[in-house]
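Following the hints, position chain B against chain A.
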Amino acid sequence: MQSMAIVVRDDSYDKLLTPFAFAYLQASEGCDVDMLFVNWAVRALTEEGASAIRIQGDHADQDAWVREQVAKAGLPAEIPDLIRALKATGKVNFYACSLAASIFGVNEDNLLPEASGIVGASWFVNEKAAQADHCQYF
Amino acid sequence: MTKRTILDTSGKCCPMPIVELNRAMGRLAAGDELEVLATDPGTRTDIPAWCERTGNALLETSSMEGGFRYVLRKK
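Residue numbers (my numbering), protein chains in the order written: chain A, 1 to 138; chain B, 1001 to 1075.
It should be emphasised that the hints constitute simulated quantities derived from the structure, not laboratory data. No experiment lies behind these values; they were computed from the predicted model shown. Think of the CB as a built atom: it goes at the ideal place given N, C-alpha and C, for glycine as much as any other residue. It cannot be assumed that every hint is accurate.
To be verified - Residues from chain B that face chain A, not an exhaustive set, calculated with beta carbons under 8 Å: (1) G1011; (2) K1012; (3) C1013; (4) C1014; (5) P1015; (6) M1016; (7) I1018; (8) V1019; (9) N1022; (10) R1023.
As the list claims (entries may be wrong) - With a Cα cut of at most 20 Å, we get these calculated SDA-like pairs of lysine to any residue: (11) A:K72 <-> B:P1041; (12) A:K72 <-> B:E1020; (13) A:K72 <-> B:C1014; (14) B:K1075 <-> A:A64; (15) B:K1012 <-> A:A64; (16) B:K1012 <-> A:A85.
Isolated chain A, as found in the complex (with noise of 0.2 Å):
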């Protein structure tokens, strides 16, 4: 596989270790990955909003548990520390959807400097997605 898509949406810090684990594999193997963040996910790209993640619903009082046994498993436990390992890999872009930025308040100002910047849904299905080998939606 040389490129794969994934579409985030949840911004619930367990529910975003999976698309962020599986973009570490693929980018760890070469593949380029390429990240839209959506809805509320779209927070996670900005440093105020990637802090504040928790574990949200049925699951919160177990956060600082989980976190425990991520570091355990060897990865960043923190997001921001996460997205930065994975911008490190040089194989990984990070999108916020203009409309979940315009919504939930991302903007240039804020956007982490790892993110590639705001970019319109269709520009990323078709120049992102529709070309990838693998596409995922989170």
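Structure of chain B alone, referenced to chain A:
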């Protein structure tokens, strides 16, 4: 002479054994061997499939107490 390097991923879970395997293999020369120690049961499928996909040879697989051992040769 064949050079063998040990990669101990014990205690780590997916995706790290494969991430570290890719890094380690990238540092080896063709013909060098990598001995991988792992406790993640996912490596039982991931590492043979990785070898098949990348064309690197899987020379040995074995279970040991509490984990697994793989010996790979870089193509």
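Q: Take a quick look at whether K1012 (chain B) and A85 (chain A) sit within 20 Å of each other, Cα to Cα.
A: This hinted pair holds, its Cα atoms lying about 16 Å apart.
Q | Hint status (Cβ of C1013 (chain B) to nearest Cβ of chain A, threshold 8 Å) | A | 4 Å, holds
Q: Measure nothing beyond the straight line between the CA atoms of K72 (chain A) and C1014 (chain B); if it is 20 Å or shorter, mark the hint as holding.
A: It holds: about 11 Å lies between the C-alpha atoms, which stays within 20 Å.
**Q.** Interface hint outcome for N1022 (chain B) [beta carbon to chain A under 8 Å]
**A.** 4 Å, holds
**Q.** Restraint satisfaction for C1014 (chain B) [CB to CB of chain A, less than 8 Å]
**A.** Cβ of C1014 (chain B) sits 7 Å from chain A, so the hint holds.
Q: For the pair we were handed, K1012 (chain B) and A64 (chain A), check the Cα-Cα distance against 20 Å.
A: 18 Å, holds
Q. CA of K72 (chain A) to CA of P1041 (chain B), is that 20 Å or under?
A. 15 Å, holds
Q. Should the hint that G1011 (chain B) touches chain A count as held when the rule is a Cβ pair under 8 Å?
A. Since the shortest Cβ distance to chain A is 6 Å, the answer is holds.
Q: Verify the interface restraint on M1016 (chain B): the C-beta must sit less than 8 Å from at least one C-beta of chain A.
A: With Cβ-Cβ at 4 Å, under 8 Å, it holds.
(Q) Need the status of pair K72 (chain A), E1020 (chain B): alpha-carbon distance at most 20 Å? (A) Given pair K72 (chain A), E1020 (chain B) holds - Cα atoms ~15 Å apart, limit 20 Å.
Q.
Can you confirm whether the C-alpha distance between K1075 (chain B) and A64 (chain A) stays at or below 20 Å?
A. The given pair, whose Cα atoms are some 42 Å apart, is violated under the 20 Å limit.
(Q) Holds or violated: the hint that I1018 (chain B) contacts chain A, with Cβ atoms closer than 8 Å. (A) Holds, because the Cβ-Cβ distance from I1018 (chain B) to chain A comes to roughly 6 Å (cut-off 8 Å).
The structure fails hint 14 only (numbered hints given earlier).
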